[in-house]
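*Asks:* For the protein sequence lines, the chains are G and U, in the order given. For the first sequence, my numbering gives the first residue as 200, with consecutive numbering after it. For the second sequence, my numbering gives the first residue as 29, with consecutive numbering after it.
Treat the hints as calculated values from the structure; they're not laboratory data. No experiment lies behind these values; they were computed from the predicted model shown. Treat the hints with caution; some may be incorrect.
The calculated lysine-lysine pairs, modelled on DSS-like cross-linking and capped at a C-alpha distance of 30 angstroms, are [said to hold, decoys possible]:
1) U:K115 x G:K238
2) G:K238 x U:K198
3) G:K214 x U:K45
4) G:K206 x U:K48
5) U:K115 x G:K204
6) U:K55 x G:K214
7) G:K383 x G:K241
8) U:K172 x G:K230
9) U:K45 x G:K238
Short derived list, chain G residues pointing at chain U, Cβ under 7 angstroms [as the list claims (entries may be wrong)]:
10) K206
11) A208
12) L211
13) D223
14) I229
15) V277
16) V384
17) K387
18) V390
19) V393
20) N396
Okay, the calculated bits of chain G under chain U, using three or more residues with CB under 8 angstroms as the criterion [unchecked claim]:
21) 232-243
22) 351-364
Quick reminder that beta carbons are idealized off the backbone N, C-alpha and C, glycines included.
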Amino acid sequence: MNDKKIKEAFALYRKNWEEDLPDDRQLEEIKISHELDRKVRKLIRGKERKIGGNWRIMLQTAACIAGVIILSAAAFIVLEKNGGDPTNIYDNPINSHGEIPERPKQDSENPLEEGKDPDSNAFEGEVLLPEAVPVGFVMTGVDGDKAYIRHEYQTASGGFYLHISQIFKDVARPLDLQEDYCRKVSIKEGVEGVYYNDGENAKLIFEYKKYRIHLEGDLFLEDFIEIAQSMIK
Amino acid sequence: MLALYLSLIETNEDRDKIEKIYHRYKKLMKYIAMQILGREELAEDAVHDTMVRLIENLSSIKEEGSKEEKAFVAIVTENVARDLWRKERYRRSEDITDYLHVIPSRGSVAEKVYVNELLERICALPETLRAPLEMSVYLGLSSKEIARALNITEEAVRKRIQRGREYLSKEEALS
Chain G
200 MNDKKIKEAF ALYRKNWEED LPDDRQLEEI KISHELDRKV RKLIRGKERK
250 IGGNWRIMLQ TAACIAGVII LSAAAFIVLE KNGGDPTNIY DNPINSHGEI
300 PERPKQDSEN PLEEGKDPDS NAFEGEVLLP EAVPVGFVMT GVDGDKAYIR
350 HEYQTASGGF YLHISQIFKD VARPLDLQED YCRKVSIKEG VEGVYYNDGE
400 NAKLIFEYKK YRIHLEGDLF LEDFIEIAQS MIK
Chain U
29 MLALYLSLIE TNEDRDKIEK IYHRYKKLMK YIAMQILGRE ELAEDAVHDT
79 MVRLIENLSS IKEEGSKEEK AFVAIVTENV ARDLWRKERY RRSEDITDYL
129 HVIPSRGSVA EKVYVNELLE RICALPETLR APLEMSVYLG LSSKEIARAL
179 NITEEAVRKR IQRGREYLSK EEALS
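Taking the hints into account, I'd like the entire structure generated from these sequences.
*Replies:* What follows is the structure, encoded as structure tokens:
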């Protein structure tokens, strides 16, 4: 029996198999848990590998940790003997450069207004904030020549940071497109962004009207695009 | 248990490729796993384990979105789900008959109208012989690639392919 015949028969077998599958609409109804999505994301960006049975690696790791603890303790004792609180570098008479460090001014001006309501009219309603649950910190304010907002969100698929900055004409920069780990993606007609994925973090950066929007977090590209689309009118 | 997160995927191109495969087939993988395992949480474990297997065999997946890619994903999912089913059965020491209703009979495809005799024989092939033979003849994979994808030795792959061919040639296979 030759391979060509068997191959043809297998092609028919697969064709019949496909016909037995539920149609696209029925497949679409199959639910995938966020837990599975999260586990697979972790797998893709950094695989979990259990090494419980490998005593040599475990012992090496333990030895490294013990070494770091011993060195830290030794450094702490030496600093304490020299006087001052070793945890406070400003109480130490001499720093590593042989100088007495200056204390920072207590009344230095902080340009950030922490805790400001992110729903304030900072973006003149041109960019909508995501509907995800905001967690963590909020900062709105001015950094040099850019107005910005930074916020941490949580969705069922994972967490992400949102950073919006206003683009002033004189400081506008083109979006970086480094071939190695980023590529252009389309968010909506006429709105393109750059998707970065260096294996550790994934980001989507795009510009809309006079704003540069930066999303960064533990999400798949399609999640980022969905969030980005929800922010554009 | 100490767990480390190590990057298994070397390049961003591969990372993109596997991400696309996951999004394209995750529901199909779960459907196949559900047919074999019958339980939601086990089916999701099977999808996860299939993804590990696919990452390890990324080089065997050639053409993006092709019929061959889909067949490869389906075969690996089936193989992983069956392994999981066997493990689960021994772990839980349950009566095999509890599960029989969810295991697809190897003749489920065979219930269709057969186009020719050979197809009928393929449908009657035991899963352990069909998968390596299909991967070899239909997908054109080497014994090494099949061994890695099915988590068996190369020797076992060669033997199963040979037995599969013999099975297809036998007249009595049809009876």
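*Asks:* Evaluate each hint against the coordinates.
*Replies:* Okay, the hints, checked on the actual structure:
1. U:K115 x G:K238: Holds. K115 (chain U) to K238 (chain G) sits at ~21 angstroms (cutoff 30 angstroms).
2. G:K238 x U:K198: Not satisfied, since the Cα-Cα distance of roughly 45 angstroms exceeds 30 angstroms.
3. G:K214 x U:K45: holds, 25 angstroms
4. G:K206 x U:K48: Distance ~27 angstroms between K206 (chain G) and K48 (chain U) Cα, so the pair holds.
5. U:K115 x G:K204: violated, 36 angstroms
6. U:K55 x G:K214: The given pair, whose Cα atoms are some 19 angstroms apart, holds under the 30 angstroms limit.
7. G:K383 x G:K241: Satisfied, since the Cα-Cα distance of roughly 23 angstroms is no more than 30 angstroms.
8. U:K172 x G:K230: The given pair, whose Cα atoms are some 35 angstroms apart, is violated under the 30 angstroms limit.
9. U:K45 x G:K238: Holds - the C-alpha atoms of K238 (chain G) and K45 (chain U) are around 17 angstroms apart, at most 30 angstroms.
10. K206: Nearest chain U Cβ about 5 angstroms off; hint holds.
11. A208: holds, 4 angstroms
12. L211: L211 (chain G) check passes; min Cβ-Cβ to chain U is 5 angstroms, inside 7 angstroms.
13. D223: Since the shortest Cβ distance to chain U is 9 angstroms, the answer is violated.
14. I229: Holds, because the Cβ-Cβ distance from I229 (chain G) to chain U comes to roughly 4 angstroms (cut-off 7 angstroms).
15. V277: Given a least distance of 32 angstroms, the restraint on V277 (chain G) is violated.
16. V384: violated, 11 angstroms
17. K387: Result: violated, 19 angstroms to nearest chain U Cβ.
18. V390: It is violated, given that the least Cβ distance between V390 (chain G) and chain U is near 21 angstroms, above 7 angstroms.
19. V393: violated, 13 angstroms
20. N396: Holds, because the Cβ-Cβ distance from N396 (chain G) to chain U comes to roughly 6 angstroms (cut-off 7 angstroms).
21. 232-243: Holds, because 8 residues of the region 232-243 of chain G bring their Cβ atoms closer than 8 angstroms to Cβ atoms of chain U.
22. 351-364: Not satisfied, violated; 0 residues make the cut.
When the structure is compared with the earlier hints, violations turn up for hints 2, 5, 8, 13, 15, 16, 17, 18, 19 and 22 and for no others.
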